[in-house]
Amino acid sequence: MNGVHDMGGMDGFGKVEVEPNEPPFHEAWEGRVLAMQRAMGYAGAWHIDHSRFAQEQLPAKVYLSVSYYQRWALAMERNVIERGFAGADELAAGHALRPGKTLKRILTPAVVQDGLTRSSFFRQSQGPARFKVGDPVRTKNIHPPTHTRLPRYARGKLGKVEMCHGCHMYPDSVAVDQGDCPQWLYTVVFDSREIWGPDADPTVKISIDAFEPYLDPA
Amino acid sequence: MAGHDHKDHDHDHEHGSELSETQLRVRALETVLTEKGYIDPAALDAIVEAYETRVGPHNGARVIAKAWSDPAFKKALIEDATKAVGTLGHASRVGDHLVAIENTPKTHNMVVCTLCSCYPWEILGLPPVWYKSAPYRSRAVKDPRGVLAEFGVTLPKETEIRVWDSTAETRFLVLPMRPAGTEGWSEEKLASIVTRNSMIGTGIPKVTP
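So the protein lines, in turn, are chains A and B.
For the first sequence, our numbering assigns the number 30 to the initial residue and increments by one for each residue that follows.
For the second sequence, our numbering assigns the number 13 to the initial residue and increments by one for each residue that follows.
Each computed DSS-like pair below joins lysine-lysine, with the alpha-carbon atoms no more than 25 Å apart:
{"hint": "1", "chain 1": "A", "residue 1": "K186", "chain 2": "A", "residue 2": "K169"}
{"hint": "2", "chain 1": "A", "residue 1": "K130", "chain 2": "B", "residue 2": "K48"}
{"hint": "3", "chain 1": "B", "residue 1": "K95", "chain 2": "A", "residue 2": "K161"}
{"hint": "4", "chain 1": "B", "residue 1": "K118", "chain 2": "B", "residue 2": "K86"}
{"hint": "5", "chain 1": "A", "residue 1": "K90", "chain 2": "A", "residue 2": "K44"}
{"hint": "6", "chain 1": "A", "residue 1": "K44", "chain 2": "B", "residue 2": "K169"}
{"hint": "7", "chain 1": "A", "residue 1": "K90", "chain 2": "B", "residue 2": "K144"}
{"hint": "8", "chain 1": "A", "residue 1": "K169", "chain 2": "A", "residue 2": "K189"}
{"hint": "9", "chain 1": "B", "residue 1": "K118", "chain 2": "B", "residue 2": "K169"}
{"hint": "10", "chain 1": "B", "residue 1": "K118", "chain 2": "A", "residue 2": "K189"}
{"hint": "11", "chain 1": "A", "residue 1": "K44", "chain 2": "B", "residue 2": "K144"}
{"hint": "12", "chain 1": "A", "residue 1": "K133", "chain 2": "B", "residue 2": "K48"}
{"hint": "13", "chain 1": "B", "residue 1": "K87", "chain 2": "B", "residue 2": "K118"}
{"hint": "14", "chain 1": "B", "residue 1": "K87", "chain 2": "A", "residue 2": "K161"}
{"hint": "15", "chain 1": "B", "residue 1": "K118", "chain 2": "B", "residue 2": "K78"}
{"hint": "16", "chain 1": "B", "residue 1": "K218", "chain 2": "B", "residue 2": "K78"}
{"hint": "17", "chain 1": "B", "residue 1": "K218", "chain 2": "A", "residue 2": "K44"}
{"hint": "18", "chain 1": "A", "residue 1": "K161", "chain 2": "A", "residue 2": "K186"}
Short, incomplete list of chain B residues facing chain A, as computed with Cβ under 10 Å:
{"hint": "19", "residue": "E47"}
{"hint": "20", "residue": "A54"}
{"hint": "21", "residue": "C128"}
{"hint": "22", "residue": "E170"}
If you're looking for bench data, these hints aren't it; they were derived computationally from the structure.
Each residue gets a CB set at the ideal place from its N, CA and C atoms; glycine is no exception.
Kindly generate the complete structure, drawing on both the sequences and the hints.
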């Protein structure tokens, strides 16, 4: 979706501000939010792209005005409710009012190391890769109203395949509960002038990781 | 809260109580999920503790120092970073999709996630707030030289800048150039000058006399 989360190339956000000696968490609740996200992911409650999509669907004004972990918390509440893990009445009450669903596994202290490790996104390929390293490609000009990982600034642009990362689960499908729908994944590199026009710095190159459905031969 | 603008703030409560509202909501969420049997608060404690104490940029710095010291490891790192890093026995394994990108006199690499906050957590720890912020996410792909200047990094005009937008589950680790004046250094001493930002591409390792 063309939300405010898709920030590449936007102006008006000001300078990058670096906080010296930044702590891992600024408030204790931030750590709880991160850990809950990890635990629910380990339990198979939802996928990382469900979390991203839930954040993207926050009202633009909210997305831009709350902190990073507040976004996470709001997205988690949404996934908890929409996926039937708890009711809005229970979150409001601050206590479970009904028994929970059964999850495939629970993150316990004994297996917490597994909860810290990224799961594999590789999937069995459904067919041969359409592109090989060196191939010219053009990204599609698409504007799906749902979750996609093709940023706006890189749509309809001519680039070159630089790496092939194998076949991965496809976020555009996963986020809308249509299954893994495995797709080949490539690093595609663009000249900055292709993206930002003839006045752009010619020494800059930009790459994205693009799933095969985002690409046409060029 | 970055980007928080009180002029635009039409909630009818004060900033301080908003924070406590967040705390209360997060506590309610944790209580409900615990009572439902989905999460174990002791496991949450362990995850928080891991990110506060064990999982951080020192892990990545070890990788870089070894690559600077051991040409066979460097070659393996560039060929398959997941596999190469897996041989080092880190506090947190890296999953399957780590790619190391090497800075050279010709090319400087920097990493961003314009869509969210994708970052190689397992070896760099939690991303800093600036990495997740709108200014960095919006500008890194359009004005990387300007962004680098704000980090105090000025590159020769002819140096090519390559920006890697982490739009999928691939994670990128920048392998900075080993600075002059570090000949004969131990891996431990080398690791001490590898900053987090130098592994994102917004910094350059420096030898301080």
